[in-house]
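Peer 1: So you can see what is in the structure, the chains are spelled out below.
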Amino acid sequence: MKKELRYTILVISLIALSFASCKNSTFENTNDETPLTELTDTSSSNLRKVTFLPYWVINAQFAGFYAGKELGIFKKYGIDLNIIEFQPFYTSNELLRTGEADFAAIWLVNAIGVKASGIDIVNIAQFSSRSSLMLVTKKSSGINEIQDMNNKRLGVWQGFELQPMTLFKKFHLNVEHIPIGSTNNLFLHDGVDITAANWFDEYHSIINSGYNPDELNTFFFADYGLNFLEDGIYCLSTTLSKDPKLCADFVKATAESWTFAFNNPEKAIDIVVACAQKANIPVNRVHQRWMLDRYRDLYFASGKTTTELSVKDYMFAAKVMKESNLIQEIVPYEDFFKHYTNYSR
Amino acid sequence: MFNPIKIIRSKKGLAFKLITSIFASIALIFLVIFLYNYDFSKSIVEKNLKMNAENLTRNSVSQIEKILYSIQKIPDNYAKIIENTDYSKETLEKILQQVVEINPEIYGAALAFEPNLFDKNEKYFMPYYFRKEGRLELLYLGSERYDYFTMDWYQIPKELKRPVWSEPYFDEGAGNTIMSTYSVPLYRDFNGQQQFIGILTADVSLDWLQKFVNSIKVNQTGYGFMISQNGTMVTHPTTKLIMNETIFSIAEAQNSTQLREIGRDMIRGKSSFAEIEYHNLTTGQLSWIAYAPITVNGWSIGIVFPVKEFMADVNTLSLRIFALALAGLIIILIVIIGISRSITSPLRSLSHASKKIAEGDFNVELPDIKTKDEMKELHDSFVYMQKKLAEYVVNLQETTSAREKIESELRIAREIQMGMIPHIFPPFPNLSEIDLFALLRPAKEVGGDLYDFFLIGEDKLCFAIGDVSGKGVPASLFMAVTRTLLRSVSTIDGSPSAVVSSLNKSLSYNNESSMFVTFFVGMLHLKTGELKFSNAGHNPPFMIRNNGKVEMFEITKSIPIGLFEEIKYTESVVHLQKGDKLFMYTDGVTEAENLDKVLYSTERLVSVLQKNITATTKQLIQCVDDDVALHVDKYAQSDDLTMMTIVFYG
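Sequences listed follow chains A and B, in order.
My numbering numbers the first residue of the first sequence as 4 and each following residue consecutively.
My numbering numbers the first residue of the second sequence as 146 and each following residue consecutively.
The shape of chain B in the complex, shown without the other chains (with noise of 0.2 Å):
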């Protein structure tokens, strides 16, 4: 079944590593490209907000600012009419009236002058014009109560010699509307000096400043306020922070020192374009403000930029391309799956096939593989791989019961030659007159060495050596001929010279395979110790003497037999004391190798011999072959390896 954990579930899987590997890198692209999306989309509405902050602000300024100047152009005019009227009161009032009058904008001006300058005997002169219900009235302010002199209005502009619009102030007289008032410094010239004499002032509702601030809106939530040059607010849509607050009242209440940095800046002067982030008042939420300062009287004007509401569209764009992104991932996700299944389930079952053809079963059925990719080549290979293992398999089958059999032979084949040799030792336990051993180890399971002895009557001890040219069956077939022919040439009057012959002669005729024998030949009269033997071809045995000298035989210049039909072998004569010995071997001693194919060597064996002078027949053998064995050291015998030793007592 389509189970996805469980193709995920194995870390070290295919499967695992390409759902990991692809499906991290196409998600990682995603989020790239997700990301910056959101990052140019996010700056190019900012930008597009700074540019709408920048125009707003500087738009609203400039209108404020329009009104303002025409505004004050009025009492600016005025004071200069003024200053060169005739000062009589009538004048001063007719000026005043006309002041209100025809400047509906104005709602009261007024005319205050320095202590007892209009009349020497009045410290007060303060005549006012104002709006009551439609009408003008006039009333003369200045007494003890309301000593005009230090009030802001009248002092600020005296003392700093200019024009100045008053802080904002609530008066409900005028009804109940935030007021500023102008005051313009008025000059006379006495004695060619210009001596202050009083202010004339232009009460002026900022009903209209109050309402096309309120008319800022930006976006939903967006506003625009209003600061005096103390930072008192003087418009916003929280009314009751008008005229109660400043911006730095705010901002000690909420313990923001960035509202207070962003209220200095804004009495200083100083403008900025939504580059500053701020908690919009009315609804918490993060905000641009961007101000700019009222040059004509001081003030700054600031404009919330709601920005979370500018970025909706932006993080709707964002979040539907992640819903979409997420889509095609999980798409993504599941296709990968499907392949990664489609490789790795016919892998799996090609894997378990295997299994089963390892253990035997060529017979197992492999996966069906549709397609005709790699899949398709990997399949069909797995295919030709059973069929061939198959065919191998009964080929080897054959083959190995065709070589069981010719082991068993062989190993019948061995049993039989080693049964034709004696083999049971001593071999004439009533003959004190000798004692015997010998060793015949073939290299394979059949060998071409041989030997024999066997009693001619009743004092004559015929014994025989040889080595058959070649090795194993072959060898062993013409080794068991030489072996039985040997038996029935041996006569009791019978010289080694014609037994050598005789044998030269029988294995000679018809020996196609030109097959031959080293052959050594000896027959020892038991009673005198006369050796007479004839050796054809084979390596010369040696005489251990009662004295413990070793003596080689003569090396013979007869060749081997089997080879030439006519030859005449010879023979000699040695005299036996009691207690010599005979060493007779085959090459398989004396060129018997080593790893480094270096030859065991005739020297080495002589230095055993004399090593050994007092040895029995069997120790003396077996002392000779552990040699050899130490030489050899494990290296596979190559050759057939035979010995046996005479002992004559006499």
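Chain A on its own, in the form it takes in the complex (with noise of 0.2 Å):
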């Protein structure tokens, strides 16, 4: 009965954050009618360039960019994009410090810990307004509540286990943590009874690896008040000083394009699928809609709309982490996100 219901609720949720998401996918504070004459001088001598660097390969989790870039979006905006691609040992904070990105999307505890290691960043823009963080099981191993977890095997990857420590600990249980490369491989061969997943990825590579959704069980973090928000904009605090108005334009430019792409999904997955084959990626259209679709609902969730980080967010991901001594002490709210409107002008 419980698990119905939880399972009902679930639907139910997405539900609403499809229908939330289809009334809006546009965010507030910018235009996608912008006139030229009031951006900085589009040719091309003029441009400024800028390095983004994503936090995973080439996917529609960052379709916006890749179909800003594509489309001229940001050029619009007097940005001349480069998109760094991704390796897997690239990590945001050396090359934010090093100066060869000057944007990255980052996570946001992600973000809090790079922040606390010395590198002064902050947040411009808070995209994400969900955690798409997961727990996965397979009806089949008898996992169908959090306390099933007790004593079995995790499998997650590094550097996030922070939402499973804590949930565990908020359920008093033992759970052993394997830590897991980038493939769900090791759950699928039954080497873990559970692993971790993100709703717009992992989670549909399993369902497209044969296991229908109703063999298996999943465990939302935000559904068990564990909202970790993700994908914000992320740049030094020079950088944001230096030129207010280059971080501005670019957050526009982001979310012009993000817009764009909620709005076009295949024109977006066209783009995503031709930049992910030319650098010999595998990639397939359903996959990458499936991850536009989600990536829609977890921006929109809740029909949030704005780009900030509310100080609840912040406050409540920064206290989990000094909980968990990964962080020795809090920035201060206003230190650690400034948001672009007040820099645009």
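FYI, nobody ran anything at the bench for these hints, they're computed from the structure.
There could be a bad hint or two in this list.
Listed below are the simulated PhoX-like cross-link pairs for lysine-lysine, each with C-alpha atoms no more than 20 Å apart in a straight line [to be verified]:
(1) B:Lys356 / B:Lys385
(2) B:Lys385 / A:Lys270
(3) B:Lys677 / B:Lys702
(4) B:Lys385 / A:Lys281
(5) A:Lys155 / B:Lys306
(6) B:Lys723 / B:Lys694
(7) B:Lys356 / B:Lys211
(8) B:Lys605 / B:Lys694
(9) B:Lys211 / B:Lys234
Once you've looked at the hints, go ahead and assemble the two chains, each given alone in its own frame, into the complex.
Peer 2: Have a look at this one:
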């Protein structure tokens, strides 16, 4: 009964999310039809070169950036965008520190970690409004409730243990963490009982490896009070103070690009698929479409359309990190989040 | 003119019934044969196709497995060697080099140890020998950037504690081919316990596998494909699917739960031989998928059988049979129409002719029948009928004219007969002493009854009523003779008996036909009321007295006249009072029959007479006549009927 109820709630909330997203696929404070005259001179010689670092390989989870670059939306804002091709060994802090990347998309907790490590980055726009991270179990394993996870093995990527760890602590569970690579194969081979997964990516990969949704149990961290926000746009504090307009333009272009991608998913996916194929990255449209649709859900969760990071969301993530001894001090919210709109003029 | 449409048009016609019933039956038979043939041929082809599918799939699987077995045996064996070496860097490098060097099917081999196991100060130890431009190269992998401990090729065999073939991957270094890595976990005995120490890998190019599966061609558009344990397309004629798509993502794109189920069965190691229909991914045509697992690495091979191509021969055959059947049906239709026409056309002509015959045209021309079948028999019967009818009609015409002639003569005879008896009433308007009324109704044109009355002198009324034996012409002739003789023998001083005797004598003479007459003759003296009468075998008349009493005359003992010449007839005398009535009649009254053969009877006559005492002569006769008619009730009059009433006023 409980299981069914939870499943029903999940389904209803997903539908609600999708519905909300259907109504709203445009970010506030952005204008699709900004007259060119108001913008910086867009002739190629005057374009400002900007590098952006995604935290993963070419995928629809960055559709806004690839589509915006391809369709000239960034150029419209006077930006000549270069998206760094992600390599597994790249770390955001390193590239931001060295200046190799002007901007980076980083998950909130990772960014808090980077900031705590001494690299003075700031969040200038928070796009994600819901955690996509989840735990997945096979119904055949008998793990149907959080409590069933006691003394089981969890496959989780290195650096992403915070949410599961906090969750298990909350429920007083002893779960063995097995660090895994970038695939779900260990889970599929029954090497682990539970696997961490992103709703927009690995969960769908599992489905597309032959498991039907009704054969799986899902546990969204957000549903257990651990809604750690994800994608935000970060840059060095100095970048912001040196050229606040560039930062504002970059965020505006990003928002407009995402708006385009959500409203023209097929076109956006065409672009992503073409980029991925060029880079020899295995890609399929069905998966990319799923990813883009889920990104719409995650960006506009609960009807949120702003790119502001709330104090509550920041403080919650920071507190959990501090309690877990991942950071020593909580950086004041004002020092961490500097919304681009405050610097756009 | 031959017009099939016209023949068919009449829905109730014989031709229509023949055509529809026979044609429909034959068409149905053709259809059943056609369908049976199609179904049977199809099942044979399907049976062969299934056998073919099973053989092809099994053969392919066994060939692939043979190769994979032979490949995986190399790392398996070397793993054993490594587990028993001294673990010096040189030895390990040498062994690893050997693995690649002497096994051309292996592109590269690596040995990866657990963290800090080989050297306490080094987290990573991973020598890797691989081919590059025809030479062997050695690299030491393993670093913060290449943290191999969580990589599938390392982690999965470690966790599962058994050798594992990795999911396929692209390797640009190895010549842009699809590769799979076979990883063998290594164990070493530590204080009696097997401890995991690392992994030995062999990278194998799947070029040969792709070539082999691609070489599977089934008929024109059938093909083979292979999916990995996760459903990833390893080989497929549509190259863009390889590595990018899983069978499940294709199913999702096509919104096909069926393909998804096929995929699930495939990755779960199930087999199926051409029992599942699915659309060919390249041609979109309905096809069968046969599949079987490659048990060595958990992958699965699928072969698409384009059913339509196999069915093409069956379809062509069926189409030709159908065309032949159609042609046959058309021929049959023409033949049926022809036969129908040969039957219905003469029938129609005969029908037309019979109408003409019915209208009296006996010379109408009958259709010419050249066949010698039932139609000819019918035709001959018609000819015979036509001839006989003509003869009959001629005969009938003759008979009719003869009869008409006789009838005409009889009519004249009747007129003559009726003219012979007095028929003007009252007959003697100047005589106040009497009144008289009489009625004669012959059963046929002419009859044998008679009545007569006439005055002899000034005060003597002679009257008579008679009935000749038999009816019709002979009786009428005899009656005429009797009537004529009556007048001639009645003299002024003669008596009724003399009249009767004289009549008898004359009639008996040369009476070869032995006809006779019952005869009543009376002579009434108008002044005195004296009535002398003689009755020769006739029904005794009734006397209706003026006091209302009805008396019947005595029954006579005399025989009718005309039989024996010498008979003497007597006479009687009776006196009539003023107002007395005489009622005379023939047996046509009392013996009138109704449907039930019941006679009118004398009793009934008497009762009518009693009821009509005061009636006039004419009224009385009419009353009796009406009552007789009531009794007879439309039944044909069988005998002549005659009545006569005389009233005496004095």
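Peer 1: Work down the list of hints and note, for each, if the structure agrees.
Peer 2: Now the hints, each set against the structure:
| no. | hint | in the structure |
| --- | --- | --- |
| 1 | B:Lys356 / B:Lys385 | 16 Å, holds |
| 2 | B:Lys385 / A:Lys270 | 19 Å, holds |
| 3 | B:Lys677 / B:Lys702 | 16 Å, holds |
| 4 | B:Lys385 / A:Lys281 | 13 Å, holds |
| 5 | A:Lys155 / B:Lys306 | 18 Å, holds |
| 6 | B:Lys723 / B:Lys694 | 14 Å, holds |
| 7 | B:Lys356 / B:Lys211 | 16 Å, holds |
| 8 | B:Lys605 / B:Lys694 | 25 Å, violated |
| 9 | B:Lys211 / B:Lys234 | 34 Å, violated |
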